[in-house]
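Here is what each chain is made of, one letter per residue.
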Amino acid sequence: MELNMNDILLFKTDIRTEGDKRLIAKVMQEYKIANWTVDQDDIDCVLRIVSSQLKLNDVINLVVHNGYQCEELT
Amino acid sequence: MNIHLYLNFNCKAMRIRDVNKVELVKEKAIELLVKVGFEGFTMGKLAKECDISVATLYIYYKDKDDLILQVGMEETERMGALMLEDFDPDAPFAIGLRQQWKNRANCMLENPLSVQMIEQLRTSTYQEKIFERLIETFKSTLGRFMHNAVQRGEIEAMPLETYWSVAFAPLYNLIRFHNEGRSLGGKPFVLTDEVLWGTFDLVLKALKK
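Those protein sequence lines, which keep their order, are chains A and B.
Every letter in the first sequence is one number past the one before it in UniProt numbering, and letter 16, counting from 1, is 16.
Every letter in the second sequence is one number past the one before it in UniProt numbering, and letter 111, counting from 1, is 111.
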């Protein structure tokens with residue numbers, strides 16, 4: 001819980017199935033994003049990334065480029 | 001200062017972890033879990049109950065599972081600590097058992113929602129992760145207490161399970177009657193000190209040599 005709150009990036013996505021998640025896992029691995037989770041129980045399939053380097057738009061572009069919806073969760 | 005920079009800064013400042021908010025989230029999460037169960041529980045519903053955004057919840061917790069685990073663990077540990085408060089495993093048997101009854105009764109009567117949630121967790125897939133550590137503490141403390149009493153010749157040697165069942169099941173049953181407001185056949189029931197300690201005396205009589 002002792003995280004820097006500003007390093008937590010949150011997105012609404014449609015990464016819904018296990019297959020979707022596997023695909024995104026490959027993308028994350030490729031871009032060396034280690035600290036990420038998707039809440040597949042949630043209606044918004046919330047993607048949560050902890051990173052001090054990445055910007056919101058970097059992630060949105062990356063996910064959208066791979067065929068999924070992705071917008072900032074507000 | 002550039003207005004965009006300012007707005008960006010301000011919005012980030014709002015994300016600072018707020019202890020009161022975390023406590024509110026915990027309290028509402030317990031209420032909601034008891035009301036709708038694990039299946040019906042969603043981050044959206046919880047955010048609404050707390051009057052905060054879903055995003056705020058995700059700052060504190062990775063996902064629904066993480067939230068239930070963390071809230072469950074913290075609450076179980078809090079209740080566990082209350083139950084062992086002022087309890088000395090080396091105390092004489094009657095005094096130690098009385099302290100146990102007092103702690104358990106207070107703790108369970110004052111936190112009925114937490115009791116219900118812990119009961120739900122006990123029969124769920126979260127069970128192992130949540131109770132692992134607590135069970136060890138309880139087993140060693142209560143095991144030592146029972147062992148001491150046997151060594152001193154205050155009670156007969158018996159399996160820990162037998163001891164636990166005789167020592168606490170009557171108390172738990174009284175509390176269940178009380179929390180449901182009814183006893184056998186739907187008869188209205190309120191647990192009084194008289195009934196509580198009257199039952200305790202019988203339990204003590206059953207266990208003591």
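A few of these clues could be false.
[Unchecked claim] Restricting the straight-line Cα-Cα distance to at most 30 Å, the calculated cross-link-like pairs of lysine-lysine (BS3-like) are:
no.	chain 1	residue 1	chain 2	residue 2
1	A	K12	B	K48
2	B	K26	A	K21
3	B	K26	A	K12
4	B	K187	A	K21
[What the hints assert, rightly or not] Far from chain B, some chain A residues (derived; all Cβ distances over 12 Å):
no.	residue
5	T17
6	E18
7	K32
8	N35
9	D42
10	L47
11	L54
12	N61
13	Q69
14	T74
The hints are simulated quantities; they were obtained by calculation from the structure and are not laboratory data.
Remember, predicted model here, so these are calculated numbers, not experimental data.
Beta carbons are placed, not taken as given, at the ideal position from N, Cα and C, and that holds for glycine.
Structure-based check of all given hints:
1. A/K12 <-> B/K48: This hinted pair holds, its Cα atoms lying about 17 Å apart.
2. B/K26 <-> A/K21: Holds. B/K26 to A/K21 sits at ~29 Å (cutoff 30 Å).
3. B/K26 <-> A/K12: 24 Å, holds
4. B/K187 <-> A/K21: Violated - the C-alpha atoms of A/K21 and B/K187 are around 54 Å apart, more than 30 Å.
5. T17: The claim holds: A/T17 sits with its nearest Cβ about 16 Å from chain B, beyond 12 Å.
6. E18: Holds, since 15 Å exceeds 12 Å.
7. K32: Holds, since 20 Å exceeds 12 Å.
8. N35: Not fine: 10 Å to the nearest Cβ puts A/N35 too close to chain B.
9. D42: Contrary to the label, A/D42 does not stay out of reach of chain B, its closest Cβ about 5 Å off (not over 12 Å).
10. L47: Incorrect as stated: the minimum Cβ-Cβ distance to chain B is 9 Å, not above 12 Å.
11. L54: With a cut-off of 12 Å, A/L54 remains clear of chain B, as the shortest Cβ separation is near 15 Å.
12. N61: 19 Å, holds
13. Q69: 16 Å, holds
14. T74: Non-interface label fails for A/T74: nearest chain B Cβ at 6 Å, not farther than 12 Å.
Hints 4, 8, 9, 10, 14, counting from the list given before, are not met by this structure.
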